[in-house]
Amino acid sequence: MVFEFDNSADKLVSSLQYMLDDIAGGIPPQADAEDIMFRCKAVITELLTNAIKHAGKGSTRFNVDSDGEMLTICKTDTGMPLYLINTRNNAAADSAVENKRLISADPLSSLYANWESENHIRFSSEEGSLDDFLSVEEVAEHFGILIITNSSDEFTYTYDRNTRENIFRVTIKL
Amino acid sequence: MITIVKESPKYIIGEVTITEANLSNSDEFKAELIKLLDEHKKVLIIDLQELKYVDSAFLGALVSALKYAISMKLDIVLAGLRNDIRDLIKLIRLDKVFKIYNYAEEASFAVNKM
Numbered sequence: 282m283v284f285e286f287d288n289s290a291d292k293l294v295s296s297l298q299y300m301l302d303d304i305a306g307g308i309p310p311q312a313d314a315e316d317i318m319f320r321c322k323a324v325i326t327e328l329l330t331n332a333i334k335h336a337g338k339g340s341t342r343f344n345v346d347s348d349g350e351m352l353t354i355c356k357t358d359t360g361m362p363l364y365l366i367n368t369r370n371n372a373a374a375d376s377a378v379e380n381k382r383l384i385s386a387d388p389l390s391s392l393y394a395n396w397e398s399e400n401h402i403r404f405s406s407e408e409g410s411l412d413d414f415l416s417v418e419e420v421a422e423h424f425g426i427l428i429i430t431n432s433s434d435e436f437t438y439t440y441d442r443n444t445r446e447n448i449f450r451v452t453i454k455l
Numbered sequence: 076m077i078t079i080v081k082e083s084p085k086y087i088i089g090e091v092t093i094t095e096a097n098l099s100n101s102d103e104f105k106a107e108l109i110k111l112l113d114e115h116k117k118v119l120i121i122d123l124q125e126l127k128y129v130d131s132a133f134l135g136a137l138v139s140a141l142k143y144a145i146s147m148k149l150d151i152v153l154a155g156l157r158n159d160i161r162d163l164i165k166l167i168r169l170d171k172v173f174k175i176y177n178y179a180e181e182a183s184f185a186v187n188k189m
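Protein chains in written order, with my numbering: chain G, 282 to 455; chain C, 76 to 189.
Some hints could be false.
Distance condition first, Cα-Cα at most 20 Å in a straight line; then the derived DMTMM-like pairs of lysine to aspartate or glutamate [said to hold, decoys possible]:
(1) C/Lys165 with G/Glu422
(2) C/Lys105 with G/Glu418
(3) G/Lys322 with C/Glu125
(4) G/Lys322 with C/Glu95
(5) C/Lys174 with G/Glu422
(6) G/Lys338 with G/Glu446
(7) C/Lys174 with C/Glu125
(8) C/Lys142 with C/Glu107
(9) C/Lys148 with C/Glu114
(10) C/Lys127 with G/Asp316
(11) G/Lys322 with G/Asp303
To give an idea of the chain G side of the interface with chain C (calculated C-beta under 7 Å), a few residues [what the hints assert, rightly or not]:
(12) Val417
(13) Phe424
(14) Ile428
(15) Asn431
In short, the hints are calculated from the structure, not lab data. Since we're looking at a predicted model, the values are computed, not measured. We put the CB at the ideal spot given by N, CA and C, even for glycine.
In isolation and in its complexed conformation, chain C is listed as follows (with noise of 0.2 Å):
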């Protein structure tokens, strides 16, 4: 569901690989998550450029795991949002607790600044 494509010191890049998530894969994707920050303990990039279709049961898993990101002292940075998927996230105003960038390349920079 989720495939590692870059590390280093400071980051992870994820790339999603489903097309759909909803509340049928929603508690896998979130324990993939959580296994990542757990495993390298590093802020996580998120692209989410396959991703076709969300619903709310999929953004309440990111939410749970960015408060399990942020009690480690870690980030869940998100990228490759579709259009409509970044709109949906704005709609109920989740782009106030999530770092939200065009591309993960540009996600890494920022998160290196950091």
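This is chain G alone, in the form it adopts within the complex (with noise of 0.2 Å):
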């Protein structure tokens, strides 16, 4: 399924439902449609608010695709390239440590960024100990690329310097 959004917040609820009701049909039997329609939903909503904020006028392509196995969701704009892109340390580009960098951390989680090439960003989480939590002013108040990160089996941004586009690539096993 190719949908073409406008960046509109009033279209949000619609467009995501119109996303979601494409979806639903292609679940196969054996799997756990709750838990994937759950994961559907929070990706395709920061999805669709990351384009309202981010991806300026003109419209955001997203893409569908199932192959029995796994779903794909991408969504293609051509808005500013996301702020992490220009960040990597080329200099130390071989280097395991370097190239992946935590992108912010509060004591329930930590976010991080893997350059897997200089355009090419897979992010991973990981839970935060609760030991040392001492008030609630430590906690983050972003959680959009947590939100996609946490339900998708893999999420990925990727920045195409010749047809300036942001691709974020989101993988759910089905």
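Reassemble the complex: the two chains are provided individually, in unrelated frames, and hints are given to aid placement.
Here's what the structure looks like:
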């Protein structure tokens, strides 16, 4: 399925529902449909929110595909590149340590960006230890990337410097 | 956006009247929470049973308001969440910072025991 979203907040919920209805019809009978639909709802909601906030004028393209084993949700726009893409330390590009960088952390969760190439980032997260949890003041207030990361089996961002496209790709095992 | 349905010496219960909470109304929602805390200076029990859809902006607004409540030695307690919204809160571990109850009445009993 290909869906064009016009980046307007008032069409967020109807766009979400349109894509969820399409996905629901293609879930194989042996899959945990409730879990998959919950994860898809969380992912698409945050991708739509991201489009409204960052994709600018024009539209954002969503491609939703399934091969019966994996569901792929891909969001493509030509807005500003993700701020992370130009912050990689190229001098240390061969170092696994430098290619994995903590981008946010609080007592609940740590979120990492893993540079798999200059223009390609895979996100991962870890649960934080609550042993040293002193105050709610330490808790983050931005959850978009974390929600997508925790809802998916793989979440990547690619910046195509030729077409200036931002490509967010989420895969969910069926 | 939030209607007060009950007030006691320790708490107020506010019912959220919107069905969709996202980045287009999260700032207004946060402002209403803070106004209720400022005006009543009581624990705020938020009944979210009408809410069908939330995003990260709404959750961020809730956390921000909770920080304000804690700074006043108060609290924001959540009740009436749909299963998928409760699961979303658990997904990012916000169930570790919010007290969550199935029903507002259940939340009010717990607040009275504090």
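Against the structure, the hints:
Of the supplied pair hints, the one linking C/Lys165 and G/Glu422 holds, its CA atoms being roughly 15 Å apart against a limit of 20 Å. For the given pair, C/Lys105 sits about 16 Å from G/Glu418 by alpha-carbon distance, which is consistent with the 20 Å threshold. For the hint linking G/Lys322 to C/Glu125, the alpha-carbon distance of about 18 Å falls within 20 Å, and the restraint holds. For the hint linking G/Lys322 to C/Glu95, the alpha-carbon distance of about 14 Å falls within 20 Å, and the restraint holds.
Proposed proximity of C/Lys174 and G/Glu422 is supported: the alpha carbons are some 17 Å apart, at most 20 Å. About 14 Å separates the Cα atoms of G/Lys338 and G/Glu446, which keeps this hinted pair within 20 Å; it holds. Note on C/Lys174 and C/Glu125: the hinted pairing holds, with a Cα-Cα distance of about 19 Å set against a maximum of 20 Å. Note on C/Lys142 and C/Glu107: the hinted pairing holds, with a Cα-Cα distance of about 14 Å set against a maximum of 20 Å.
In summary, the hint linking C/Lys148 to C/Glu114 is supported, as the alpha carbons are separated by about 14 Å, within the 20 Å threshold. Note on C/Lys127 and G/Asp316: the hinted pairing holds, with a Cα-Cα distance of about 17 Å set against a maximum of 20 Å. For the hint pairing G/Lys322 with G/Asp303, the CA-to-CA distance comes to about 12 Å; that is within 20 Å, so the pair holds. Given hint, G/Val417 at the interface with chain C, holds; its Cβ is 5 Å from that chain's nearest Cβ, closer than 7 Å.
Annotation: G/Phe424 was flagged as interfacial toward chain C, and the flag holds, the nearest CB pair being 4 Å apart, inside 7 Å. Satisfaction of the interface hint for G/Ile428 is found here, the shortest Cβ-Cβ separation to chain C being roughly 6 Å, below the 7 Å cut-off. Because the smallest distance between the Cβ of G/Asn431 and any Cβ of chain C comes to about 5 Å, under 7 Å, the interface hint for this residue holds.
Checked against the numbered hints listed earlier, the structure breaks none of them; every hint is satisfied.
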